[in-house]
Amino acid sequence: SQKIEQNSEALNIQEGKTATLTCNYTNYSPAYLQWYRQDPGRGPVFLLLIRENEKEKRKERLKVTFDTTLKQSLFHITASQPADSATYLCALDASGGSYIPTFGRGTSLIVHP
Amino acid sequence: NAGVTQTPKFQVLKTGQSMTLQCAQDMNHEYMSWYRQDPGMGLRLIHYSVGAGITDQGEVPNGYNVSRSTTEDFPLRLLSAAPSQTSVYFCASSPGLAGGGILGQYFGPGTRLTVT
Chain R
1 SQKIEQNSEA LNIQEGKTAT LTCNYTNYSP AYLQWYRQDP GRGPVFLLLI RENEKEKRKE
61 RLKVTFDTTL KQSLFHITAS QPADSATYLC ALDASGGSYI PTFGRGTSLI VHP
Chain U
1001 NAGVTQTPKF QVLKTGQSMT LQCAQDMNHE YMSWYRQDPG MGLRLIHYSV GAGITDQGEV
1061 PNGYNVSRST TEDFPLRLLS AAPSQTSVYF CASSPGLAGG GILGQYFGPG TRLTVT
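Chains as they are written, first to last, in the working numbering: chain R, 1 to 113; chain U, 1001 to 1116.
Since the hints were made in silico from the structure, they are not lab data. In this text, a Cβ means the ideal position worked out from N, Cα and C, and glycines have one as well. Any given hint could turn out to be false.
Stated by the list, open to error - Label-pair distances were calculated between CB atoms; the ranges are:
hint, chain 1, residue 1, chain 2, residue 2, range
1, U, V1012, R, A10, 29 to 35 Å
2, U, P1075, R, T18, 26 to 32 Å
3, R, R42, U, Q1022, 17 to 23 Å
Said to hold, decoys possible - With a straight-line cut-off of 25 Å between C-alpha atoms, the simulated SDA-like cross-links for lysine to any residue are:
hint, chain 1, residue 1, chain 2, residue 2
4, R, K3, U, K1014
5, R, K59, U, L1103
6, R, K55, U, M1041
7, R, K3, U, V1088
8, R, K63, R, T18
9, R, K59, U, V1088
10, U, K1009, R, A31
11, R, K63, U, P1095
12, R, K57, U, P1095
13, R, K3, U, S1069
14, R, K71, U, K1014
15, R, K3, U, D1038
16, R, K71, U, G1058
17, R, K17, R, Q38
18, U, K1009, R, K71
19, R, K3, U, G1040
20, U, K1014, R, G41
21, R, K57, U, G1104
22, R, K59, U, G1058
23, R, K71, U, G1042
Use the sequences and the hints to build the structure in full.
Printed below as a string of structure tokens:
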């Protein structure tokens, strides 16, 4: 069956360090993968999209990699700040051409000052 | 632009009641979708639409109906509420292919529904 796996345990890091979150998937052949941020009580906010033919994408302090052989995406936040504390969701298209993404359960990131 | 708006923000229903969750977007987006989010389950797709007059089922469609008569609006109807439908409901929109490519989804603030 199709699965999107994100670490259910919260990631705790110190301010200034690089946070790395992982998204693994099985039985998908996604054309793209997205990362979102969600704060408590709010809707997810889109951060980055990476396509299947792209290895890496950057936006300010964010970097996403996409390895279709390993079926894995890594999401990095460099020089992390307490304000980066949130839940981060990965999402990928479920194929079939609908381009409506399927979401992982998310990983909570806590950045300690 | 207001983006994606959802009403109501909170709702309490009794088992068996029906109601409609409203969703509207003012970005002329082609694609709209409804998700529910439960603790430990993540976001699950209920129904989606790729344009006015076109809807399709997602992962968990049972007990819900949708219609898309205009580009802007995508209401979600609960036919006969059950306690299992207690959840937070999010509506989202995206430009889709008409936007020149695949872009991320814009989410509304959510509706918190409790069924007793």
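Item to check | In rising order, the numbers of the hints this structure does not comply with | outcome: Violated hints (numbers, rising): 2, 4, 6, 9, 10, 13, 14, 18, 22; every other hint is consistent with the structure.
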